[in-house]
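Asker: The chain contents come next:
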Amino acid sequence: GAGVSQSPSNKVTEKGKDVELRCDPISGHTALYWYRQSLGQGLEFLIYFQGNSAPDKSGLPSDRFSAERTGGSVSTLTIQRTQQEDSAVYLCASSVHIRGGELFFGEGSRLTVL
Amino acid sequence: AQSVTQLGSHVSVSEGALVLLRCNYSSSVPPYLFWYVQYPNQGLQLLLKYTSAATLVKGINGFEAEFKKSETSFHLTKPSAHMSDAAEYFCAVSQIRGSQGNLIFGKGTKLSVKP
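For the protein sequence lines, the chains are A and B, in the order given.
Going by the working numbering, the letters in the first sequence line up with residues 1 to 114, in that order.
Going by the working numbering, the letters in the second sequence line up with residues 1 to 115, in that order.
Bound-form chain B, shown alone (with noise of 0.2 angstroms):
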């Protein structure tokens, strides 16, 4: 059974500090690995994602995951914090090899950017 684990509900960084939001995966097979934003009171939105391709993957506004197999690991960076960032992520595995949809999903990482 695929599973995912967000580690830290919670993350505070400076503006203009590295992100780093951490995930970790279980999957029976060769996994697909997403990353979701969802900004206040609206749906998830896809920021990146990895379907066996490159394993360095850059999603939207600036943000970029590498997949590492050895380490299970999904794990979502971002060089420089911006305060527009600050929003809850969610990392996702799929259910169906092969697939994009029928997602489980980790319990999200909230984002908060200090001025």
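One chain only, chain A, in its complex shape (with noise of 0.2 angstroms):
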């Protein structure tokens, strides 16, 4: 597509369910990158992937938290048991590849969990 796409835009869920947020990049780009950003903390950078492999899950906040890209295209990032915490704009970058190219953001999946 023309840009990095993201589904859904607005998530309502009840605490204790699992979510799935979709991130669908830029044809092309070999990056992908997941950011958390919440109110007051700016963005937290949460996991990339090189193609289909990622590197350092370091940045994922719990093993609550899982993400996977298949094809080298469409990464699913994956909540379970869903806490208030987790309330936040999910937002999904791509790039050409990790050592080059702008970021090139999608418009963030807003996940509200009551």
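No lab work stands behind these hints, which were simulated from the structure alone.
Take the hints with a grain of salt, since some may be wrong.
Unchecked claim - Distance condition first, Cα-Cα at most 27 angstroms in a straight line; then the derived DSS-like pairs of lysine-lysine:
hint : chain 1 : residue 1 : chain 2 : residue 2
1    : A       : 11        : A       : 57
2    : B       : 110       : B       : 49
3    : A       : 11        : B       : 107
4    : B       : 68        : B       : 58
5    : A       : 11        : B       : 110
6    : B       : 114       : B       : 69
7    : B       : 69        : B       : 58
8    : A       : 57        : B       : 58
9    : B       : 69        : B       : 110
Here the structure is a predicted model, which means the values were calculated and not measured.
Please dock the two separately framed chains into a single complex, following the hints provided.
Answerer: This is the structure we're talking about:
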């Protein structure tokens, strides 16, 4: 597509439910990144992919968070047993390669956990 | 480890006045530094970047930033603010040497422009 696409744009869920957030990067971009944006906290780096590989998962906040990428394209961020502190905007970005090119961001998925 | 500190979570200027948004960085390797802008309900957009070439970097919308190694700073300036500049601005440093991705962001500075 023309830009980074994220879905859903808004998700309201109950505490304890699982959620999946999807990111469709710009075609041909091999690097993909997930960030979390909480009010007053700026952007927190979660994980990046080069191709389908995630070399460093240490940014994920807890073991309830996981991410995968298939076919070098679409990525899914899964949050299990959601908690209220998981409420945030989850931003995805992609770039041509981990060592080159500007990051292009999607508009984010706003998650609200009740 | 790399980190970024943005001084001032909110900055307010009058239309036509100088804009100065401060950013200091810490990096164990020669840094790549970036400024991004986020308009309400939108994703982030790259304003400008420093990647070890010229220390004075010009970006979009009349913004520029100067890399000062001695001060570990990368402050963002614009000579004359416009109402459309009202947004949140994020400074960022790359986590990986030579990478323009994999960024660590500051907490952001929200810029308000008064008529």
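Asker: For every hint, state whether the structure bears it out.
Answerer: The hints, checked one at a time:
Using a Cα cut-off of 27 angstroms, the hinted pair residue 11 of chain A and residue 57 of chain A holds, with the two alpha carbons roughly 24 angstroms apart. Of the pairs offered as hints, the one joining residue 110 of chain B and residue 49 of chain B holds, with about 19 angstroms between alpha carbons and a cut-off of 27 angstroms not exceeded. For the proposed pair residue 11 of chain A and residue 107 of chain B, the alpha carbon gap of about 24 angstroms is at most 27 angstroms, so the pair holds. Proposed proximity of residue 68 of chain B and residue 58 of chain B is supported: the alpha carbons are some 15 angstroms apart, at most 27 angstroms.
Only pairs whose Cα atoms come within 27 angstroms are accepted, and residue 11 of chain A paired with residue 110 of chain B is accepted, the gap being roughly 25 angstroms. For the hint pairing residue 114 of chain B with residue 69 of chain B, the CA-to-CA distance comes to about 33 angstroms; that exceeds 27 angstroms, so the pair is violated. With a CA separation close to 18 angstroms, the supplied pair residue 69 of chain B and residue 58 of chain B stays within the 27 angstroms bound. Taken as a hint, the residue 57 of chain A and residue 58 of chain B pair is broken in the structure, with Cα atoms around 34 angstroms apart against an allowance of 27 angstroms.
Between the alpha carbons of residue 69 of chain B and residue 110 of chain B the distance comes to roughly 25 angstroms, so the proposed pair stays at or under 27 angstroms and holds.
The structure fails hints 6, 8 (numbered hints given earlier, in ascending order).
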